[in-house]
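Chains as they are written, first to last, in the numbering used here: chain A, 262 to 790; chain B, 791 to 1264.
Treat the hints as calculated values from the structure; they're not laboratory data.
Owing to the predicted nature of the structure, the values given are computational and were not obtained by experimental measurement.
No false leads were slipped in.
Dumping the calculated BS3-like pairs for lysine-lysine here, alpha-carbon to alpha-carbon at most 25 Å:
# : chain 1 : residue 1 : chain 2 : residue 2
1 : B       : K891      : B       : K906
2 : B       : K1171     : B       : K1007
3 : A       : K313      : B       : K906
4 : B       : K1058     : B       : K1143
5 : B       : K1002     : A       : K353
6 : B       : K1002     : A       : K647
7 : A       : K489      : A       : K587
8 : A       : K523      : A       : K586
9 : B       : K1091     : B       : K1137
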Amino acid sequence: MQNKTNRNSGKVIIAFAAMIVILFLAATNGQLAWEPLEKMISGEKAFDTAIKEVASNYSSDRLKQKDDSITINGLFARLTGRRVYNNAMLLKNGMLTYGVNETEDNIPASIERIITLSDFLQGKNIPFLYVQAPYKIPLEDTVSVTGTQFDRNSYADRTVTALTEHGTNVLDLRQYLSRTQEDIERYFYRTDHHWNPDAALIAGQYIVSEAGRISGERFDTACLDEEKWERHKLPNWWLGTHGKRVGPLFAGTDSLIWLTPKYDTKISYSVPGANAWSKGSFDDVFIQNDLTEQKDYYHLNHFTVYRGSEAPLLQLKNYGAANDKKVLILAESFSIPLKAYLSTVFTEVDTIDPRQYTTSSIAEYIDWCSPDMVLLICNPSQINNKAFVVDYGCDDYTAWQQEHTRMTTVLEAETILIPENEGELRLKTICENMMPGSVYHLEIRDIDVVKGDTEAVTALLLETTKKKAISRMTFDVDYKSDGGYHAEFKIPQDGPEGANYVLQLYAGRQGHLDDYSVKYSGVSVIEQY
Amino acid sequence: MLFTSLEFLLLFCPAFFLLYFILPIKLRNYWLLLASLFFYAWGEPVYVLLLIISIVINYAMALRMEEFPKETAGRKCIFIVAILLNVGSLVIFKYLNFVIKTVNRVIPTAGIPFQKIALPLGISFFTFQAISYIIDVYRGEQAQRNISRLGLYIAMFPRITAGPIVRYSAVADQITERKVTVSSFSDGIMRFMIGFNKKMLISNTVMDVADKAFQMKEISVLMAWLGALCYALQIYFDFSGYSDMAIGLGKMLGFNFPENFDYPYISKTITEFWRRWHISLGSWFRDYVYFPMGGSRVKTKRRLALNLMVVWLLTGIWHGANWTFIFWGILYGVVLIFEKTNGIPQKIKQWKKPAAIGYRILTLLLILFGWVLFRSTGMTKALMYLKSMFGLAGNAFADETFVFYSREYIVYILTGVVCSVPLFRWLKERCRKTELFRKNTVINTGYLLQLVLFIVSITMLVMNTHNPFIYNQF
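Isolated chain A, as found in the complex (with noise of 0.2 Å):
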């Protein structure tokens, strides 16, 4: 009898406790159904649109338990023995790395596509260095699980052999810093598919000394010497790509690793397409303080400590570089730390992310901004991902180029101040009923202060019928490149019917623009058709 009594209440605690857990999720994550629903009954929205909101509002990350699901499965799924999953795999060595492959075979196109901008820019005489990034699966693979071998490797290898035969600079990294299991377990982070900013100093090293190679100058590489550089770290930090597919008691966490000069810097800092701009020391330029203070596992990314991840188009500029020599970098997250690195070497640093980039085609900014050498980034993870396949547009740029021609002086003007008197906007339009197609080329000889303290001022490229922001252009006023201040602004020829685009000057940096008065002086717009 006694029996029974309590294997009934044991089976009833258990019961009822499975109960409380339902009713506690479904009352910490009520809002992610009635929502919907209550637009339903309001008549807002139809019955199948609003249940088909409801399921995809709990498969989001609005559900409060969303973390503590992804530590609990991670966790579930390591006590069974799972080495693959979520998409994310477990090497022989503890480290994480991507769980799946891609079935096309990408590379034949993402070789034409490399090769066809190595010939564009040996036609311009711009020296060129394909750098193949390292790969967290070492060249002599000791790590991978049996039966899991991805071809990531080998899709490198096709491309650096493709490009050397074509007679393409090229620099493997993979032979210096993913040779061996402990160059990856050195160089690369245990939760996430980058490199450390150990790994991208080194690397550029070699890039630096390689560009001096291939460009016959010397570039002087002490500034990246490692005892130059200062290395802060903060352990059991945050998760990676990987990291936060699992959670961290499925492998582990990452320690925040990054580095700052020992020496003075002062550095300009622009994303023209998120009119952000800054300038400082490399720390005050660079790190994001944000992430060295705040630990969240599953919400901030912290390999981005470096500032300028993935911006379309990041310009930095070097007020103390040992050289005037100006460097544009094709890449995607692999050059965060290192083009931070590289600033501090070339007089100019911009980089493009080519998934990104769409105010002109990377032939078009080549040509505008004239850099002295051109290095492409590619990681062996990306390398055969169609989104990276990317059109450089060199082809149809050339092919533009010998249909326009013709260029015309549409604006000149010797003084432009802004405002001209108190009260008056803060901007002025210098261009307007700009044909779409063309391009136009501004050219400022000086920029001065007349009134406040602003550094920077920006050139703005707006569609008035929709007032949509087309590009945008910061100039750094105390940075004068190629003795003035210059851009192109590329009219969209598929644009809005009835669309006019206007060129305006700002009196100091759009949003930010205060009491300011700025002086333009020897202006010119001239365009190109």
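With chain A held as given, fit chain B onto it using these hints.
This is chain B only, laid out in the frame that chain A set:
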């Protein structure tokens, strides 16, 4: 809506059960019916009308049939119309495009266009429920005069999408009068949790292996066997897990639905297998097709074979509009004819151990091969897969894919194999007199483990949001 969905767990269940137990008893059935229609409409916002029409037509037909005395032409006529309407809707929604495809293949010049008809969720189940009701009324059972009660029988949410298929008489009394106690409610929750864990932790995981194996163009012998084994586990834990959840939900409402599975993989013969697998479907075909044709009480073995082949052909067809299902049914028909005509199920008890074990292994192998047919998307692929299992496709014996998958999923596969046999029942019998058992330590630890696994399963659900059941497609 699926049982293994967050909408069901976090929205439907709390809202439904809270209101269910707040409402006065006489209103609960109406709420249950309304909620069941809402449950169905969630997944099928258009086809819920089909369900409602099915309820109304079967209700009306049964009442009309009852107006005629038994053995009269009028009663028979309405009966035939009702059956044709039910079967007709199944044919249109489930088999029409298959018929068109087959006709076009046989007569290439026919060129009949495919129809854009989606398969309503659970149509095979609720249609069979309706047919079962019509036949029972035809045979003399009293028709239900309350349409909501009939609606509840056909559309009750615990059973609508994948059974178990029960006779109306089995639940009629429970619809009108049932009791929920703390104990039965707890039993229901525990049963639901067990089913949920089976689906999420075992079925959904070994599915990765099965899916990989069945999509490989070149597969090694061992990988083919591993894939077949994993599919056998996947389908068992998927369907039995669903049935556990359905039975558990029923218990929470005071219903006692019949068991649908009884450890089918321990069967000694194929005959026994079909008494342990999808019991409600087997019972349905037995009661409404096999017995009316004479069953095994026929004069000749030829007639017995015919009866069995008709049942198994229909069973195969019921499962899906594809030749693989039909051949799967025929395969079982042939084996069952062999067993029945040779008295195997009775004789095996007298066999020596090696022979009995050998036949048991053969039974398991036949079941496994049957699942290969069942899983394959076409006969060519099925045959190729079977050939691969025996190295007859020019394939390697083992490969790295096998090494990886067997190592990666070993815990889940072994757990699935262990849970496929009544080990815990056996242990319970052996330990009944021990101190630990008498103090319920072992049992309560088991329940606690289920709760922990339930929480893990919910987190898995959060990660993998879409978890359809295999038998939902029927």
